[in-house]
Structure formats: structure tokens, C-alpha cells
Amino acid sequence: MRTFIGIDLGSTTTKAVLMDENQAVLGRGITNSRSNYDVAAAVCKQEAKIGARFTLFKNALGSGGGAEILLEDLERNFRLEQFLSELNQLEQTCENYLDHPRFKDMKSALREALGAVFRQIETEAPAIYAPEADRKSDFFRDIAGSRFMDIAERIGRESGISFESLLNIYDKSIIDVESLVHSDEVVSRQLMNGLSRALKELEGVEVSEADAQAALKKVIDLELEETYVVGTGYGRVRLPFPKEHIRSEILCHGLGAHMMFPGTRTVLDIGGQDTKGIQVDENGIVVNFQMNDRCAAGCGRYLGYIADEMKIGLHELGPIAMKATKTTRINSTCTVFAGAELRDRLALGENRADILAGLHRAIMLRAMSILSRSGGVTDQFTFTGGVAKNESAVNELRKLIRENYGELTINISDESIYTGALGGAAFAYRAV
Amino acid sequence: MSQQDVIKSRSMLLQKEMIARNYDKITSGEVKVSSTFVPGNLNELLMCFDIANNLPEINAIQNAMRKKSGEMIMEAERSGHSEDVCTYVKADIGMMAKGNIAPNGKPFPDPDVLLLSYTGCFTFLKWFELLREQYKCPTVMLQVPYSADGQPTKNHRDYIVKQLKEEVIPTLEKISGIKFDIDRLREYLRKSAKAEDDLVWMLEQSKRKPSPIDCYFGGVYYMGPIFTAFRGTDEAITYYQMLREEIQERIDKGLGVQTPEGEMGEEKYRLVVEGPPNWTSFREFWKMFHEAGAVVVASSYTKVGGVYDYDNFRHDPDHPLESLADYCLGVYTNRNLPTRVDMLARNIKEYEADGLLINSIKSCNSFSAGQLVLMREVEKLTGKPGAFVETDLVDPRYFSAANVKNRLESYFQMIDQKRRAGGSATTLA
Numbered sequence: 002m003r004t005f006i007g008i009d010l011g012s013t014t015t016k017a018v019l020m021d022e023n024q025a026v027l028g029r030g031i032t033n034s035r036s037n038y039d040v041a042a043a044v045c046k047q048e049a050k051i052g053a054r055f056t057l058f059k060n061a062l063g064s065g066g067g068a069e070i071l072l073e074d075l076e077r078n079f080r081l082e083q084f085l086s087e088l089n090q091l092e093q094t095c096e097n098y099l100d101h102p103r104f105k106d107m108k109s110a111l112r113e114a115l116g117a118v119f120r121q122i123e124t125e126a127p128a129i130y131a132p133e134a135d136r137k138s139d140f141f142r143d144i145a146g147s148r149f150m151d152i153a154e155r156i157g158r159e160s161g162i163s164f165e166s167l168l169n170i171y172d173k174s175i176i177d178v179e180s181l182v183h184s185d186e187v188v189s190r191q192l193m194n195g196l197s198r199a200l201k202e203l204e205g206v207e208v209s210e211a212d213a214q215a216a217l218k219k220v221i222d223l224e225l226e227e228t229y230v231v232g233t234g235y236g237r238v239r240l241p242f243p244k245e246h247i248r249s250e251i252l253c254h255g256l257g258a259h260m261m262f263p264g265t266r267t268v269l270d271i272g273g274q275d276t277k278g279i280q281v282d283e284n285g286i287v288v289n290f291q292m293n294d295r296c297a298a299g300c301g302r303y304l305g306y307i308a309d310e311m312k313i314g315l316h317e318l319g320p321i322a323m324k325a326t327k328t329t330r331i332n333s334t335c336t337v338f339a340g341a342e343l344r345d346r347l348a349l350g351e352n353r354a355d356i357l358a359g360l361h362r363a364i365m366l367r368a369m370s371i372l373s374r375s376g377g378v379t380d381q382f383t384f385t386g387g388v389a390k391n392e393s394a395v396n397e398l399r400k401l402i403r404e405n406y407g408e409l410t411i412n413i414s415d416e417s418i419y420t421g422a423l424g425g426a427a428f429a430y431r432a433v
Numbered sequence: 419m420s421q422q423d424v425i426k427s428r429s430m431l432l433q434k435e436m437i438a439r440n441y442d443k444i445t446s447g448e449v450k451v452s453s454t455f456v457p458g459n460l461n462e463l464l465m466c467f468d469i470a471n472n473l474p475e476i477n478a479i480q481n482a483m484r485k486k487s488g489e490m491i492m493e494a495e496r497s498g499h500s501e502d503v504c505t506y507v508k509a510d511i512g513m514m515a516k517g518n519i520a521p522n523g524k525p526f527p528d529p530d531v532l533l534l535s536y537t538g539c540f541t542f543l544k545w546f547e548l549l550r551e552q553y554k555c556p557t558v559m560l561q562v563p564y565s566a567d568g569q570p571t572k573n574h575r576d577y578i579v580k581q582l583k584e585e586v587i588p589t590l591e592k593i594s595g596i597k598f599d600i601d602r603l604r605e606y607l608r609k610s611a612k613a614e615d616d617l618v619w620m621l622e623q624s625k626r627k628p629s630p631i632d633c634y635f636g637g638v639y640y641m642g643p644i645f646t647a648f649r650g651t652d653e654a655i656t657y658y659q660m661l662r663e664e665i666q667e668r669i670d671k672g673l674g675v676q677t678p679e680g681e682m683g684e685e686k687y688r689l690v691v692e693g694p695p696n697w698t699s700f701r702e703f704w705k706m707f708h709e710a711g712a713v714v715v716a717s718s719y720t721k722v723g724g725v726y727d728y729d730n731f732r733h734d735p736d737h738p739l740e741s742l743a744d745y746c747l748g749v750y751t752n753r754n755l756p757t758r759v760d761m762l763a764r765n766i767k768e769y770e771a772d773g774l775l776i777n778s779i780k781s782c783n784s785f786s787a788g789q790l791v792l793m794r795e796v797e798k799l800t801g802k803p804g805a806f807v808e809t810d811l812v813d814p815r816y817f818s819a820a821n822v823k824n825r826l827e828s829y830f831q832m833i834d835q836k837r838r839a840g841g842s843a844t845t846l847a
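Those protein sequences? They're chains A and B, same order as listed. Per the working numbering, the first sequence starts with residue 2, numbered consecutively. Per the working numbering, the second sequence starts with residue 419, numbered consecutively.
Heads up, a few of these hints could be off.
Residues on chain A that point at chain B, a partial pick, calculated with CB under 10 Å [unchecked claim]:
#1 P243
#2 I247
#3 E250
#4 L256
#5 D282
#6 I286
#7 V288
#8 R374
#9 L401
#10 R403
#11 Y406
#12 E408
#13 L409
#14 T410
#15 R431
Here are the computed lysine-lysine pairs in the DSS-like style, where the Cα-Cα straight-line distance is at most 25 Å [said to hold, decoys possible]:
#16 B:K592 <-> B:K580
#17 A:K390 <-> A:K324
#18 A:K244 <-> B:K580
#19 B:K705 <-> A:K244
#20 B:K686 <-> B:K671
#21 B:K686 <-> B:K627
#22 B:K705 <-> B:K686
#23 A:K59 <-> A:K244
#24 A:K244 <-> B:K686
#25 A:K244 <-> B:K823
#26 B:K802 <-> B:K627
#27 B:K802 <-> B:K823
These are computed hints drawn from the structure, not numbers from a lab. For every residue, glycine included, the Cβ atom is placed at its ideal position computed from N, Cα and C.
Generate the whole structure from the sequences, applying the supplied hints.
Structure (C-alpha cells):
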């Protein structure tokens, strides 16, 4: 079937959206951008294709008869298969590093230790992907890395092998493994294996094993033809396709927001590197835009910096700020100055949640200035980008919009992070 | 492409020689020197007293294009000037602190007089206060009223003529020891007007499709002689004749814009640009345009020294002092916002441009104040999209190539998108 793909190579994450000929989104993919945009683009495109296979399989199964349970289980088991396959590659890569002259004297001891570490991660893997299991990240590097650290430290201690050596081998190897993109064949095998695993453990599913396998096989055999791919985001020039296939994020976010909410007239996108205020017409065509000037104050990176300053995870910022009883006034939107103000407030004994609420407000005040420069906020208003997931940021934004522009429809999609890629896919569709 | 490989036309080479000769003249120690400014300068008047014209803004630009302004600005900041001060000023102050060496490698002499013809830029006043402090030389200030109503009035003109008669000319006579001869001034003004005719012819050629010239990046070369030490000279007449021939040749051959990297290729976008260029990354900035096939068909910066095309101003030998007054009053930065809006909107229509691009300069309040309003108004009047990029004059720290490129690409694609839609409804499913 003909498909249209948009890839948004952001500074932090790379996103892909795959749509069919009816402009229905079949699959989405996301990965961390790392330093290699080529790999990031290939990985997230593959992920979007996997997403599309799931959607097509779901359509084939229909609803009822426990189809939802089967799908959920297939997805979990597929991720487990994917994890095990990558783990296997990691082990092999680690083994290859053992041939290095510096490990000559301790090669066999290291091999044994590594073997023990990998066997244990392998044993734990099904639990990591068990139903209801809480995974902090979906990226292989994060999951495998944290387990490797824990286990290697213990095994190293017990076997008298230096933890640093094991870590060194891991560090070298993970980069190689991360740069691997699974071929369609490998993915197909993982999907079929995932289904077998799922079918083994499932109860209450009326779909017969043979029917499920036949349906999945049919979905896998369906070629997802890349009719047209459009790239956007700061890494867009790295994409291996001609200039005509490249669109700026401004246009992609404008069109993407229009696709999600056709009534959109004003778009705010807070990305990793910049904040954009975009005005679109009734067709999703950009009529005006403004971006942050000369510094990254108030961008996604600012939040990352604040999280680092507070020694907490980025995703924890919003929830902590939501516990605020008042909003501490933070004057600086300059990233570094805000760090100074934050330390000053903490030293004065102010509540962490209140300070964070203030920081979120400071960012949104900055966004309001960019929005007003772009021509103000008009009904409907759509907020896109990763920061739209942050509840506290959204709260402050809602308040400021109401104070300055009155009651407007404010759209925020659960899939807001994919807005740019969606716009890209829509451009890909239009190009043909 | 290295600096040596830059493609230069005959007129560019001539201008280079002219500038070099003027620096040699200034640094020769054989002539009296006045420091003055570009907008609305009184070059013909200075020539009447055999006084050479040294322009601090041009020195700052020269240093920026030679990649020297960064260290000069840092030097000025070390001596206490804030980051927000006009970077032309800081490049000048820093240059003085570093030995005041002219682009020809010789030290600048201390000026014999500071002639400030204030035209719309408040910073000039403070700049000359600093220069006066440094040189302790006579200073004469020609106060040019801001054209708040859009048009200079008779009262404004009389006020300037009075100052010229009572203050400026007597001071220059005293400094030079030369008696003012109005017929000498008339002769210079006659020559000015001759060169100005060719200048305006040149500006208007970008109405053609494809435009044979770029009126912003190329325009800053074309405007050089007329706004600096050459207006009123035979050299300027020769230069503009040569430029005219060159452009005519391009027109005859059906050629588009020539860039430092060669012929531009297909003309895809026609823009009107407001605001000065960035000088420290001039080539890189221009490249972002010509690589995309964007040509600037008109710009406000080429009117910053004086506006000739908008209301058909020419220096007038029959009314010499009055015409100097009108010239000073009419420079772009001395015009009020509605006039600037009208000027830009007219340019967009007459030159059939796709839209207005503003290069907002961080350290230039004179240009930047009100630019967003100006953009909106021009958009309303023309129906063409506007866009904003932000850089600086000569401070290399304020040119973020990735950011500027991103905005420019977005703007060009926005124009494409609007064209494809053609204003009609192309709704998505």
C-alpha cells in the first residue's frame, strides 16, 4: 500500500508519522535523536512502520472476542522480543571488544562475567515487559543500561573483575547497538515470535491461533511503500532525500495542528531549541510566525536545565510544580539567571514546588510575548511540542491565555509531540 | 570559496580604489579632516572647505567585513560600554583604543572638526559627545527636526538653513581658513544630481524580472559612493555611469543577479527588506538568500543616507542650502513610521515583491523601534506576508546562522505555500 511519512528530527527526540492514502495516521514512532540524525530518522521510521502494522492487525482482528487483550499482549511480547534481540546484539558486540589487546590477560574471566550479566538480564526481561510493569523509559539504552550497571557491579565485586572494565566494554558496545536499525525481516520475525508468546499465555481470547497468525502474516506481507517522505526539524538537512522533501518546522507545526484540530488559528510550539508562535488560516497555511530571539530562554531546554539544577528528571518537574500552594515570582527567563534565582529562592527557604510553579509561569510569559509578536492569540489555539505534556506548563498557559485573550478554545492533543511529523506526513501526501 | 575568489565587477573594483584613495587622503596629514555621519551628511559643503570626510559608521563596517569588529567591541566593553550600546559606536571606540588604525594600515589623524548632522538617530548625539571628549576639537551640530508629520515643513527647512548660515558655515570657515563660496557649492550639487539620476535609474531596474541586481546585498555596494565622501565629485559620476553600463549589459543579456559566488540562478522570490544588513557574516547571510533563489528588489537600507526615489529628491544647485536641508530632513531614519510603511508598501507593489522581510538589529533602536507594527501595516496594505529575522550590525556574537537560516527557509516555504494555495480553499480531508 502507498504510505506517506513525515519525520521530525528534533534536537532531543526524533518523531515519525506514517499515514495512508486516506490521510489516516497508521503509525507513530519516536526515538532519542542522539548525535546521529541518520540513525534516529531510520529508527523512528521503522517504529512508525511497526505502529502501522499494529494498526492494520487491529483492523484485521476487528473488535470483540478478546481482540483488545490479544493486541495488548502482542505489543508487550513484541517489545520483549525486540529487547531480547537487541540484548543479544549487545552481548555479541561486547564479546567482540574482548579481542582488544588491553583485555588479553583477562579475556576469559571477562567473558564469563559478561555472560553472567547478560544471562541475568535475559532472565529478568519477561518481568520488565510483564503486564502492569512500570517502565521508566521505552528506549533500549535506558532499560538495558540501568540493568547492566546494577548487575555488573555485583558480579564484578563477586568475581574480582573491575567494574570499570565491564562498564568500558558496555559503553563502547551500546553505541554500536544503538546505531543498528532492524531490517523489515527482523521486525517481521519479532512480530511473529511476539504473537506466539502472546498466544501461549492468553486466556479469554476467541481468535484461534491459526487465524491470528494468518492475519498477522498477511499484515506483515503487506508492503508499506514509502511513496513520499518529508523531513522537518533542525536535523532535516541530514535526511537522505532531496531539498523538495524538506519543510520547515513552522510550516509542519502549522499544518499538523490544523490536521489535529481543523479550527486552529494560532499555534504555540515549544520545542527543545526554540519557541514558535504561528498563525494559520482556515487551510492550515501559515500566515505569520515569530520565534524566540537570540537565546533559548523559555524553550524546552530551559526545563531540562532546571531539572538538572534540581537533580530531578525532566518528567518530574510538572508534577512537583502542580503541588504548589502559591507561585513564586521568577523574573528571569534567561536560562542561566533563572538557575541563579532558583538557588537564591531555595536558599531563602522557599518551597520547591512553588518555585517550580514560578519557573513554569516565567516560561509561559515568554511564550505569551512571542505569541503576541506573531499577531496575538485567536480562537482556536493549539499548543504543540513536548512541553504540552507538562501539566503545570499547560496550567500556566491556560491562565495567561484567559487573562490576556479571554475564553478561547485551547486544544492540546495527547499526541502533541507528533504534530511536526504529522504536518510533514500531510505535506508528503500533498506532494504526490 | 576564498576571499580572493569573490566575483567582482569593474564598478566594484573602482569603488574599492575610491575608498582606498579617500583613506589615503584622510591619513596623509595634508588635509583637514571632519568626522561626520552617513545619514544626511553634508559632503558637498565639506568639499567647499577642502575638508576630507571621515565616517565612523563606514569604518565600523570596514572593520566588521575584515572580521576585526569583534575584538574592538570587546575592547569598548572592557572600558565600560554596555552590551546594549550601538555596536557601531563600540567598534569605533574600540578602534580608537587599539591605536585608531585606518583600513590602509596608517593611523587616523585626530579630526579637526566633528560635524554632526543629527538625522533620526539619537545615538549619534552620544557618540559625538564621546568623540568630543576624546579629541577635544571643535564640534558643530546641525539639528535636523524629526519629520514627525511625515513631510518636512518650510519651517523645518528654514531652521536648518539658518543653522547652516549662522553656525555650520562660519565654523567650517574658521577651521579651514577658506571663505565659503556658494557657487562652488552649486557646482558640487550639480554633480551630485547627475550621479543621483543614475543611482535612481539603477534602483528602479529591479522592477525587471528577473532583476539584474540585488538591492540589499548588492545595494550596499551601489549606494557606497553617493552616501559617503564622493557625492558631488566627478568620481561618483564616473562610478554611477559605469554601474549603469554594467547593469544595462546584464539587462541586455537577460541576466539575473550576480552574487559573490557567481550568477544566482533562477529568481524564485522577490523581497523587500527593511533594516541594515549584518556585516560580520555578510557573505554567509547573502548566501542564504541567493541559494534559495531570493533576490531583494528594494530595501530601506539603501535609503538610509538619503531617499531619492520616493519623492524624487535631487540636490538642487539653484537652491543650494535649501536642498541640503531637504536632503537631511528626508533620510529614511528621519521619517515617521507611516511614511516608512507607505514607502515599503509602495516598493512591494511597484517592484512586484512577494513580501517584506525585516532584519531587526539588536543594537539599533533607530531602525528597530516599531518594526513589528510596521510589518503588520505593510502586510495589511499589500496582502503579502512579512517575516522577521534578528541579527546585529557589527557584533559577530549576534548572528546565529542556524536560527536565521531556519527563519528564512520557513519564510520562503511560507511564500511557496501561499502561492500554491493561491488564496483559494485547498482543504485537507
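Please write out, lowest number first, the hints stated earlier that are contradicted by the structure. 1, 9, 10, 11, 12, 13, 14, 18, 23
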